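Peer 1: Please put together the full structure from these sequences, using the hints given.
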Amino acid sequence: MGFNCGIVGLPNVGKSTLFNALTATQAAQAANYPFCTIEPNVGRVAVPDPRLDKLATIAASAKIVATQLEFVDIAGLVKGASKGEGLGNQFLGNIREVDAIAHVLRCFEDSDVTHVSGNVDPVRDAEIVETELMLADLDSLEKRLPNLEKRAKGGDKEAAAEAPVVKKALDALREGKPARDAEITAEERPVFARLQLITAKPMMYVLNVEEAAAATGNAHSAKAEAWAKDRGMPCVVISAAIEAEVAQLPLEDQGEYLASLGLKETGLARVLRTGYALLDLVTFFTVGPKEARAWTVRREARAPEAAGVIHTDFEKGFIRAETIAYDDYIALNGEAGARDAGKLRLEGKDYAVKDGDVFHFRFNV
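Just so we're aligned, residue 749 is where the sequence shown starts under this note's numbering, counting upward by one.
Where hints are given, some of them may not hold.
[Stated by the list, open to error] With a cut-off of at most 27 angstroms between alpha-carbon atoms, the simulated DSS-like pairs for lysine-lysine come out as follows:
no.: 1; residue 1: Lys1091; residue 2: Lys811
no.: 2; residue 1: Lys916; residue 2: Lys898
no.: 3; residue 1: Lys891; residue 2: Lys905
no.: 4; residue 1: Lys1064; residue 2: Lys1102
no.: 5; residue 1: Lys905; residue 2: Lys915
no.: 6; residue 1: Lys901; residue 2: Lys891
no.: 7; residue 1: Lys1038; residue 2: Lys1102
no.: 8; residue 1: Lys1102; residue 2: Lys811
no.: 9; residue 1: Lys898; residue 2: Lys915
no.: 10; residue 1: Lys1012; residue 2: Lys971
no.: 11; residue 1: Lys1064; residue 2: Lys1038
no.: 12; residue 1: Lys891; residue 2: Lys916
no.: 13; residue 1: Lys901; residue 2: Lys915
no.: 14; residue 1: Lys905; residue 2: Lys916
no.: 15; residue 1: Lys916; residue 2: Lys901
Derived from the structure by calculation, the hints contain no laboratory data.
These numbers come from a predicted model, not from an experiment.
Peer 2: Right under this line is the structure:
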């Protein structure tokens, strides 16, 4: 099961530089002109998790495999994209396919890097993109509703369930609010998810500052953070330029370089953590002499679904999951100690996966 996050924003805000640093590649042509990213670039990024190293040490695992998030670098959006301006139609098609959105806002001054609006104003930029995304959703739903209502009157139960949810989303959008702010009940959530609305997707803001402001932020990023906080949106302050430099350094030199800039960790680590939280994901582990591996599922996923992430046969033939909590595994020095202390549990099909669970799945095919 893959989870992905689309990197979006206006042209020349640092999207492709961020993507290059995240994936430690030069895949996205980070050029100083609009639309240099046309086809989305896709890269998978290992999610750092110190727990995995500790598990591997105890189990003497020969190999360590981190879980990954996929990032998609999507073409720069411009005002009018909802009507197809710039690369609007292509952009909107690409963004509908991602699970979450990382919206990069330019918070640095640089006369050598052009700004499509002529000056730096991250809140204005955020509102331009948000408006275009809301207009795209509005257009999509307004076209969809008449047919739904017609089918609902004809006795179509699926259409009858969908129409009121569409109306709620339209109400929010017409008030200038993103679809995620619509008053959707728990029962309506599955229907709402199927609408694939762009502004219903979880979003974070990545505030791209100049190198000197990487540790503290600047006036532009402070303004953007306050704006985002009012909307309940998470923010990460980074310098994409620094991240690009760090990505080129040997691993053993990165810590010293970051410390010289007053940074404890890379901005990318914070982007990854925030993206993980945004997607509401949890990590479980499988541990043995061959490998210690981290896996990803959505929070509240059941044990068979977690087994299916490893192999579909595991889910189809699921019998039970031998389960040890991470803290117990560490405290009791591995599986044998946990078993002897009565901390190895047998969980069935209805068990909700907890972050840090160490699993051994029993299955029959």
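Peer 1: Next step is simple, just say for each hint if it's right about the structure.
Peer 2: Each hint, compared with the structure:
1. Using a Cα cut-off of 27 angstroms, the hinted pair Lys1091 and Lys811 holds, with the two alpha carbons roughly 25 angstroms apart.
2. Under the criterion of a C-alpha separation no larger than 27 angstroms, the hint pairing Lys916 with Lys898 is consistent with the structure, at around 18 angstroms.
3. Our distance criterion of 27 angstroms between C-alpha atoms is met by Lys891 and Lys905, whose separation comes to about 20 angstroms.
4. Of the pairs offered as hints, the one joining Lys1064 and Lys1102 holds, with about 21 angstroms between alpha carbons and a cut-off of 27 angstroms not exceeded.
5. For the hint linking Lys905 to Lys915, the alpha-carbon distance of about 16 angstroms falls within 27 angstroms, and the restraint holds.
6. As the CA atoms of Lys901 and Lys891 are separated by approximately 17 angstroms, the hinted pair is consistent with the 27 angstroms bound.
7. For the suggested pair Lys1038 and Lys1102, the alpha carbons sit about 24 angstroms apart, so the restraint of at most 27 angstroms is met.
8. With a CA separation close to 24 angstroms, the supplied pair Lys1102 and Lys811 stays within the 27 angstroms bound.
9. Taking the CA atoms of Lys898 and Lys915, the gap is about 14 angstroms. The hint holds against a cut of 27 angstroms.
10. Proximity of Lys1012 to Lys971 is assessed by CA-CA distance (about 24 angstroms); at most 27 angstroms being required, the pair is judged to hold.
11. Simply put, Lys1064 and Lys1038 have alpha-carbon atoms about 24 angstroms apart, close enough for the 27 angstroms limit, and the pair holds.
12. Taking the CA atoms of Lys891 and Lys916, the gap is near 15 angstroms; set against the 27 angstroms cutoff, the hint holds.
13. For the hint pairing Lys901 with Lys915, the CA-to-CA distance comes to about 16 angstroms; that is within 27 angstroms, so the pair holds.
14. At roughly 18 angstroms between alpha-carbon atoms, Lys905 and Lys916 fall within 27 angstroms of each other, so this suggested pair holds.
15. Taking the CA atoms of Lys916 and Lys901, the gap is near 19 angstroms; set against the 27 angstroms cutoff, the hint holds.
Going through the hint list in order, the structure satisfies each hint without exception.
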